[in-house]
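Chemist: Take a look at the letters that make up each chain.
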Amino acid sequence: DTEVTQTPKHLVMGMTNKKSLKCEQHMGHRAMYWYKQKAKKPPELMFVYSYEKLSINESVPSRFSPECPNSSLLNLHLHALQPEDSALYLCASSQGGGRFHEQYFGPGTRLTVT
Amino acid sequence: AQSVAQPEDQVNVAEGNPLTVKCTYSVSGNPYLFWYVQYPNRGLQFLLKYITGDNLVKGSYGFEAEFNKSQTSFHLKKPSALVSDSALYFCAVRDGGANNLFFGTGTRLTVIP
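Line by line, the protein sequences give chains A and B.
Under the working numbering, residues 1 to 114 are what the first sequence spells out, in order.
Under the working numbering, residues 1 to 113 are what the second sequence spells out, in order.
Please keep in mind that the hints were generated in silico from the structure rather than gathered at the bench.
Check before you lean on any hint, since a few could be wrong.
Label pairs and their calculated CB-CB ranges [as the list claims (entries may be wrong)]:
id	chain 1	residue 1	chain 2	residue 2	range
1	B	A5	A	E52	32 to 40 Å
2	B	P7	A	G96	31 to 39 Å
3	A	L54	B	E15	45 to 53 Å
4	B	D54	A	L54	30 to 38 Å
5	B	E64	A	K9	31 to 39 Å
6	A	K9	B	N12	24 to 32 Å
7	B	R42	A	N17	22 to 30 Å
8	B	K77	A	S72	31 to 39 Å
9	A	K18	B	G62	43 to 51 Å
10	B	G53	A	G14	50 to 58 Å
11	B	S60	A	H26	16 to 24 Å
12	A	K38	B	S80	27 to 35 Å
13	B	D9	A	L54	32 to 40 Å
14	B	N17	A	R110	29 to 37 Å
C-beta: ideal position from N, C-alpha, C; glycine also.
Model the full assembly from the supplied sequences, consistent with the hints where possible.
Modeler: And the structure:
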């Protein structure tokens, strides 16, 4: 099973709402990632969890709050977002934090902030 | 510092013809290079990677890539293109000291029937 699942597929939220994105993998991977992708652009790394600990935060605004409850789950909590935060949010996982491990991506959550 | 360049935003090729999607890289140490494909409204799918060893790497769906150290290139190739290969292709390089995966800007491949 090489699948990373993400829910919901689509999310529309107002600027005052609080919502969460969920990501799950059952491949035994120990590194998980959140990326943001704008239309026709490459993915931009937001956060990296390695062995359930936050190892990288790419200067992401505090209105995005990641959480890794266990080695299979990764959440992204959203609060007071701005319209410019509308994007495709991708979750990925890899076998470890090593430089030679490929990442497996989920299908993404299409977020629209109104 | 590391970076990846994909010099072509768009590549068009006729079905059945060979295809090449270009990628050049810049890293301070040994390069760890990856190709991913993205279909509309989907996540990225891993195609292949170069870590060490043979310069010609074979991957999924008949794709292969050639690592050229002297030219710092890692071009993606396929001998015979299919219409279903039409998608957005990203080259990426892995930072040697951390988990970061740096992506190129992407190349849109269109295979014309």
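Chemist: All the hints need checking, so say for each whether the structure fits it.
Modeler: Against the structure, the hints come out as follows:
{"no.": "1", "hint": "B:A5 <-> A:E52: 32 to 40 Å", "in the structure": "35 Å, holds"}
{"no.": "2", "hint": "B:P7 <-> A:G96: 31 to 39 Å", "in the structure": "32 Å, holds"}
{"no.": "3", "hint": "A:L54 <-> B:E15: 45 to 53 Å", "in the structure": "46 Å, holds"}
{"no.": "4", "hint": "B:D54 <-> A:L54: 30 to 38 Å", "in the structure": "37 Å, holds"}
{"no.": "5", "hint": "B:E64 <-> A:K9: 31 to 39 Å", "in the structure": "33 Å, holds"}
{"no.": "6", "hint": "A:K9 <-> B:N12: 24 to 32 Å", "in the structure": "31 Å, holds"}
{"no.": "7", "hint": "B:R42 <-> A:N17: 22 to 30 Å", "in the structure": "26 Å, holds"}
{"no.": "8", "hint": "B:K77 <-> A:S72: 31 to 39 Å", "in the structure": "36 Å, holds"}
{"no.": "9", "hint": "A:K18 <-> B:G62: 43 to 51 Å", "in the structure": "46 Å, holds"}
{"no.": "10", "hint": "B:G53 <-> A:G14: 50 to 58 Å", "in the structure": "52 Å, holds"}
{"no.": "11", "hint": "B:S60 <-> A:H26: 16 to 24 Å", "in the structure": "21 Å, holds"}
{"no.": "12", "hint": "A:K38 <-> B:S80: 27 to 35 Å", "in the structure": "33 Å, holds"}
{"no.": "13", "hint": "B:D9 <-> A:L54: 32 to 40 Å", "in the structure": "35 Å, holds"}
{"no.": "14", "hint": "B:N17 <-> A:R110: 29 to 37 Å", "in the structure": "34 Å, holds"}
When each numbered hint is compared with the structure, no violation occurs for any of them.
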